[in-house]
Amino acid sequence: MELKEKLVSSFLAFENSVDVDAYVHDVRSDAFKIFEEKGFPTKKEEAWKYTSLNKILNEDYSVFPKQENALEYKDVKKYLIHDIDTYKVVFIDGKYSSHLSQTTHDGIDVCLMSAAFSKPKYRLVIENYFNKAASKDSLTSLNTAFSSEGAYIHIPKNKLVEKPIQIIHFSTGNESALMLQPRNLIVVDENSHVQIIERHQSLTSNAILTNSVTEIFANKRAIVDYYKIQNDNSNASLIDNTFIKQKQESVASVHTFSFGGKLIRNNLNYYQEGERIDSTLKGVTIIGDKQHVDHNTLVHHIEPNCESHQDYKGIFGENSTGVFNGKIIVEKEAQKTNAFQVNNNILISDKATINTKPQLEIFADDVKCSHGCTIGQLDESALFYMQSRGIPKKEAKALLMYAFSNNVLSSVKIPEIKQRITKIIANKLGVSIGFDL
Amino acid sequence: MSKYTEDDLREELKTKEYEYGFYTDIESDTFPNGLNEDIVRAISKKKEEPQWMTDWRLEAFRAWEKMTEPEWANVHYKKPDFQGISYYSAPNSKPKYDSLDEVDPELLATFEKLGISLDEQKKLSGVAMDVVVDSVSVATTFKKTLGEKGIIFMSISEAIKEHPELVKKYLGTIVPQKDNFYAALNSAVFSDGSFCYIPKGVRCPMELSTYFRINQAGTGQFERTLVIADEGSYVSYLEGCTAPSRDENQLHAAVVELIALDNAEIKYSTVQNWYPGNAEGKGGVYNFVTKRGLCEKNAKISWTQVETGSAVTWKYPSCVLKGDNSVGEFYSIAVTNNYQQADTGTKMIHLGKNTKSTIISKGISAGKSQNSYRGLVQINSRAENARNFSQCDSLLMGNECGAHTFPYIEAKNKTAKIEHEATTSKIGEDQIFYCNQRGIDTEKAIALIVNGFSKEVLNKLPMEFAVEAQKLLEISLEGSVG
Numbered sequence: 001m002e003l004k005e006k007l008v009s010s011f012l013a014f015e016n017s018v019d020v021d022a023y024v025h026d027v028r029s030d031a032f033k034i035f036e037e038k039g040f041p042t043k044k045e046e047a048w049k050y051t052s053l054n055k056i057l058n059e060d061y062s063v064f065p066k067q068e069n070a071l072e073y074k075d076v077k078k079y080l081i082h083d084i085d086t087y088k089v090v091f092i093d094g095k096y097s098s099h100l101s102q103t104t105h106d107g108i109d110v111c112l113m114s115a116a117f118s119k120p121k122y123r124l125v126i127e128n129y130f131n132k133a134a135s136k137d138s139l140t141s142l143n144t145a146f147s148s149e150g151a152y153i154h155i156p157k158n159k160l161v162e163k164p165i166q167i168i169h170f171s172t173g174n175e176s177a178l179m180l181q182p183r184n185l186i187v188v189d190e191n192s193h194v195q196i197i198e199r200h201q202s203l204t205s206n207a208i209l210t211n212s213v214t215e216i217f218a219n220k221r222a223i224v225d226y227y228k229i230q231n232d233n234s235n236a237s238l239i240d241n242t243f244i245k246q247k248q249e250s251v252a253s254v255h256t257f258s259f260g261g262k263l264i265r266n267n268l269n270y271y272q273e274g275e276r277i278d279s280t281l282k283g284v285t286i287i288g289d290k291q292h293v294d295h296n297t298l299v300h301h302i303e304p305n306c307e308s309h310q311d312y313k314g315i316f317g318e319n320s321t322g323v324f325n326g327k328i329i330v331e332k333e334a335q336k337t338n339a340f341q342v343n344n345n346i347l348i349s350d351k352a353t354i355n356t357k358p359q360l361e362i363f364a365d366d367v368k369c370s371h372g373c374t375i376g377q378l379d380e381s382a383l384f385y386m387q388s389r390g391i392p393k394k395e396a397k398a399l400l401m402y403a404f405s406n407n408v409l410s411s412v413k414i415p416e417i418k419q420r421i422t423k424i425i426a427n428k429l430g431v432s433i434g435f436d437l
Numbered sequence: 001m002s003k004y005t006e007d008d009l010r011e012e013l014k015t016k017e018y019e020y021g022f023y024t025d026i027e028s029d030t031f032p033n034g035l036n037e038d039i040v041r042a043i044s045k046k047k048e049e050p051q052w053m054t055d056w057r058l059e060a061f062r063a064w065e066k067m068t069e070p071e072w073a074n075v076h077y078k079k080p081d082f083q084g085i086s087y088y089s090a091p092n093s094k095p096k097y098d099s100l101d102e103v104d105p106e107l108l109a110t111f112e113k114l115g116i117s118l119d120e121q122k123k124l125s126g127v128a129m130d131v132v133v134d135s136v137s138v139a140t141t142f143k144k145t146l147g148e149k150g151i152i153f154m155s156i157s158e159a160i161k162e163h164p165e166l167v168k169k170y171l172g173t174i175v176p177q178k179d180n181f182y183a184a185l186n187s188a189v190f191s192d193g194s195f196c197y198i199p200k201g202v203r204c205p206m207e208l209s210t211y212f213r214i215n216q217a218g219t220g221q222f223e224r225t226l227v228i229a230d231e232g233s234y235v236s237y238l239e240g241c242t243a244p245s246r247d248e249n250q251l252h253a254a255v256v257e258l259i260a261l262d263n264a265e266i267k268y269s270t271v272q273n274w275y276p277g278n279a280e281g282k283g284g285v286y287n288f289v290t291k292r293g294l295c296e297k298n299a300k301i302s303w304t305q306v307e308t309g310s311a312v313t314w315k316y317p318s319c320v321l322k323g324d325n326s327v328g329e330f331y332s333i334a335v336t337n338n339y340q341q342a343d344t345g346t347k348m349i350h351l352g353k354n355t356k357s358t359i360i361s362k363g364i365s366a367g368k369s370q371n372s373y374r375g376l377v378q379i380n381s382r383a384e385n386a387r388n389f390s391q392c393d394s395l396l397m398g399n400e401c402g403a404h405t406f407p408y409i410e411a412k413n414k415t416a417k418i419e420h421e422a423t424t425s426k427i428g429e430d431q432i433f434y435c436n437q438r439g440i441d442t443e444k445a446i447a448l449i450v451n452g453f454s455k456e457v458l459n460k461l462p463m464e465f466a467v468e469a470q471k472l473l474e475i476s477l478e479g480s481v482g
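Heads up: the sequence lines are chains A and B, in that order. Numbering-wise, the first sequence is residues 1 to 437 according to this note's numbering. Numbering-wise, the second sequence is residues 1 to 482 according to this note's numbering.
Just to be clear, a hint being listed does not mean it is correct.
[Claimed, not checked] Distance ranges between label pairs, derived from CB positions:
#	chain 1	residue 1	chain 2	residue 2	range
1	B	Gln391	A	Ala47	18 to 28 Å
2	B	Lys78	A	Glu36	47 to 57 Å
3	A	Glu15	B	Glu65	39 to 49 Å
[Said to hold, decoys possible] Under the rule of at most 30 Å between Cα atoms (straight-line distance), these lysine-lysine pairs were calculated in the DSS-like manner:
#	chain 1	residue 1	chain 2	residue 2
4	A	Lys332	B	Lys356
5	A	Lys351	B	Lys417
6	B	Lys178	A	Lys368
7	A	Lys74	A	Lys413
8	B	Lys356	A	Lys49
9	B	Lys46	A	Lys49
10	A	Lys413	A	Lys423
11	A	Lys327	B	Lys417
12	B	Lys178	A	Lys394
13	B	Lys356	A	Lys397
14	A	Lys49	B	Lys322
15	A	Lys136	A	Lys55
16	A	Lys327	B	Lys444
17	A	Lys38	B	Lys78
18	A	Lys332	A	Lys77
19	A	Lys136	B	Lys79
20	A	Lys428	A	Lys394
21	A	Lys38	B	Lys79
22	A	Lys44	B	Lys417
23	A	Lys95	A	Lys33
24	A	Lys327	B	Lys426
25	B	Lys444	A	Lys336
26	A	Lys290	B	Lys353
27	B	Lys426	A	Lys368
28	B	Lys368	A	Lys332
29	A	Lys44	B	Lys282
30	B	Lys417	A	Lys397
31	A	Lys247	B	Lys426
32	A	Lys44	B	Lys178
33	A	Lys49	A	Lys368
34	B	Lys66	A	Lys43
35	A	Lys351	B	Lys297
36	A	Lys49	A	Lys74
37	B	Lys297	A	Lys43
38	A	Lys418	A	Lys55
39	A	Lys247	A	Lys163
40	B	Lys368	A	Lys336
Don't read these hints as lab results, they were simulated from the structure. Bear in mind that the values here come from a model prediction, so they are computed numbers and not experimental data. Each residue gets a CB set at the ideal place from its N, CA and C atoms; glycine is no exception.
Model the full assembly from the supplied sequences, consistent with the hints where possible.
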């Protein structure tokens with residue numbers, strides 16, 4: 001059975017099984033209609049020109065996992081940032097694992113979407129924020145239609161959350177193929193500050209398709225730091241849709257580290273709805289094999305005096321494919337906007353491909369906007385210089401590649417993440433040197 | 001004039017009427033509106049074409065019927081009614097002239113108004129002109145000089161009769177009949193155009209040029225240009241357009257094919273100044289053009305364009321760098337004002353080894369216009385050591401216009417080096433202040449800055465054309481370019 005048909009027939013059963021709040025019910029039904037009408041995106045759509053979903057949609061995914069599975073902390077410890085104290089929201093095959101998680105209601109809410117949907121005390125927040133930032137494209141709508149579980153984070157006014165929050169999804173391979181649709185809602189009120197780490201990890205080689213949607217609301221002067229670590233195994237695919245709505249003077253940054261997975265598509269959308277907003281989008285992609293990573297970003301400058309900074313680095317080996325599609329829209333009212341976008345790529349294999357499309361759409365005249373994009377190789381003379389000083393070629397290459405991606409790493413504010421990423425990079429490049437020389 | 005500000009400039013731009021809007025009254029021999037196989041056959045018959053040409057057109061027409069208009073471009077307009085256009089119109093009194101004296105004086109006056117009277121051109125600039133008024137060439141000059149070198153420069157309908165082997169061999173090889181909607185339409189109904197062949201090792205001694213005009217009301221213009229530079233030859237080709245003022249939208253769908261064989265070089269320069277519509281966005285020409293060149297080994301094709309006219313422009317001069325060491329260049333200035341929309345850029349397809357391409361695109365938007373750059377740089381897996389540099393700069397005047405960039409970059413080879421950069425800015429107040437401080441008034445300062453902004457491209461135009469290009473920039477951005 002085609003995946004779409006399967007989803008269509010599952011929807012009714014799903015709607016009956018969950019306790020339905022009238023508001024959420026309407027949102028889900030409307031979203032489902034959109035998906036039913038549009039279906040999965042194809043290469044004919046401009047936004048999906050370089051990424052085909054065909055090869056991942058063929059699997060016979062089970063939409064609802066049948067049985068729950070438990071994991072021991074020691075088995076999955078390595079996938080967590082464990083050397084610092086953090087709040088954790090952990091899901092196993094889409095189901096919440098209270099055993100591995102550490103949530104809180106102490107001043108801030110770090111808990112579950114299922115609780116937020118069902119309990120009356122969250123009702124106002126859900127009605128004010130749920131599905132208010134998400135776009136109406138087919139995959140996001142599909143997630144909305146099936147939204148039932150995920151992380152719910154609400155930071156009230158004037159709170160500095162001292163510990164980072166980790167949102168982690170494990171899949172155990174209980175089903176031969178599994179489709180997950182986590183839905184996260186993050187609301188950060190005035191003057192508050194939060195750091196969030198998100199990771200999707202498959203523990204077996206069974207096929208996984210994750211279609212995740214995260215909505216983030218950064219209210220006045222809020223600061224949000226978001227880190228996405230994508231280092232999954234070669235049969236796991238991820239479609240990550242993130243929507244960030246910022247109010248005046250807020251600062252939001254998203255760092256995306258893509259090192260593994262079969263197909264990764266990151267849709268990252270920023271909407272600036274106030275003045276003097278700062279948005280940062282950064283990413284490092286290092287992939288090989290037949291992997292495919294697609295970064296699709298949108299920064300919508302709606303009000304004056306805002307800034308956005310984008311910096312995406314990619315290193316592509318073997319048969320891998322990289323896509324970068326960055327769009328900056330500057331509306332007529334958004335005078336004095338500063339919008340920058342850089343995309344640098346290195347191809348290290350003859351069979352690797354990079355497709356990049358940095359777009360600017362500008363309707364205001366008093367702006368500074370620039371984008372730059374390069375595709376090149378490692379500098380031969382720099383390599384020679386290091387080799388002549390006794391650094392073996394492999395290490396010299398690794399050093400250059402590390403230096404290449406360092407611009408992105410340097411703005412990571414949690415040292416433990418930086419270390420972790422550095423280790424993954426060293427691993428990826430097959431060297432044992434630590435880069436924090 | 002010291003109080004001359006950008007606002008004044010904007011005001012002037014808004015009110016500036018199209019200077020070249022006039023209409024020459026020459027009796028035309030026009031076909032009924034509409035398009036079907038009979039019309040295609042009739043056009044072919046009218047032009048006394050051989051059977052293979054008629055078949056070729058019909059093949060294109062059948063393909064066209066199945067195609068739909070492309071909608072991906074960043075332009076919005078009322079679609080032309082393809083059945084409401086007459087597909088053939090030729091000046092009625094069409095004798096074969098030997099000298100300019102015999103040419104319809106009214107027509108000559110037209111050219112004089114444009115400031116490019118044939119006599120003047122002939123005497124002063126040494127430019128051979130293949131003048132095309134409403135699709136049929138009425139005067140060809142300097143044919144003899146060119147003939148001595150073995151250069152063939154004539155209208156394409158003559159070439160079909162006189163050099164069928166060349167036309168048959170190359171026509172449609174670069175832009176196939178089914179390439180796109182407008183190319184198919186053009187292939188089916190093209191009325192005339194220019195044909196140029198430079199033999200082996202010959203350096204064309206003068207700039208070849210043609211002038212296109214849309215004259216008869218409601219007539220679409222479908223030009224077909226084919227330039228072949230044989231091994232080791234060089235040619236510089238100029239194309240310029242002006243069209244009379246009209247209220248209904250006119251359609252222009254041209255196809256240009258360039259073939260540069262081993263070691264050859266073609267330089268193709270365009271100044272486009274079709275009627276852009278009035279300040280309210282009424283009228284104006286739709287310009288949907290397919291231009292493409294093929295480079296064999298060590299060959300070079302250079303496109304230079306100054307786009308100031310047309311209500312809607314949809315144009316991507318491209319280079320297919322097939323041979324090793326071949327070079328493609330694209331230099332463009334696109335100026336849009338009032339309600340004009342331009343979606344223009346280039347495609348550089350790198351197939352051969354050590355191929356190089358350069359793209360310099362300058363967009364200037366004023367009034368309520370929209371100006372887009374859309375380009376593709378494609379490095380195929382066998383194109384070792386391919387190199388590309390692209391630069392797209394936009395200048396915005398006023399906050400009602402828009403500038404957009406859509407660069408597509410596709411690399412499939414690890415030795416590729418690609419750089420792309422784009423900036424958007426307005427004329428800085430500090431820049432103007434700096435000039436004012438040194439005694440340069442604001443008007444001149446703006447002129448200086450805009451001139452400097454587009455200098456890289458203007459410099460690429462041949463001397464004979466640079467003057468005209470400046471003139472057209474002046475009309476589009478009066479007061480800013482000096």
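Restraint check for Lys356 of chain B with Lys397 of chain A, where alpha carbons must lie at most 30 Å apart: Since the Cα atoms of Lys356 of chain B and Lys397 of chain A sit roughly 27 Å apart, the hinted pair holds (cutoff 30 Å).
Between Lys327 of chain A and Lys444 of chain B, is the straight-line Cα distance small enough, at 30 Å or below? The given pair, whose Cα atoms are some 36 Å apart, is violated under the 30 Å limit.
Given the proposed pairing of Lys417 of chain B with Lys397 of chain A, does the C-alpha separation stay at or below 30 Å? holds, 18 Å
Hint check: Lys332 of chain A vs Lys77 of chain A, CA-CA at most 30 Å. Holds or violated? violated, 50 Å
Holds or violated: Lys136 of chain A and Lys79 of chain B, Cα atoms, limit 30 Å. The given pair, whose Cα atoms are some 29 Å apart, holds under the 30 Å limit.
With the threshold set at 30 Å, check whether the alpha-carbon distance from Lys327 of chain A to Lys417 of chain B stays at or below it. holds, 23 Å
Below or equal to 30 Å on CA atoms is what counts here, so check Lys356 of chain B against Lys49 of chain A. holds, 26 Å
Lys46 of chain B paired with Lys49 of chain A [C-alpha distance capped at 30 Å]: violated, 44 Å
Starting from the hint 47 to 57 Å, judge whether the C-beta atoms of Lys78 of chain B and Glu36 of chain A obey it. violated, 33 Å
Are Lys426 of chain B and Lys368 of chain A close enough, with their CA atoms no more than 30 Å apart? Holds, at roughly 9 Å.
Hey, Lys444 of chain B versus Lys336 of chain A, does the alpha-carbon distance stay inside 30 Å? Measuring from Cα to Cα gives roughly 26 Å; hence the hint holds.
Look at the Cβ atoms of Gln391 of chain B and Ala47 of chain A and judge whether their distance stays inside 18 to 28 Å. With a Cβ separation near 26 Å, Gln391 of chain B and Ala47 of chain A satisfy 18 to 28 Å, so the hint holds.
Checked against the numbered hints above, the structure breaks hints 2, 4, 6, 9, 12, 16, 18, 29, 36, 37, 38 and satisfies the rest.
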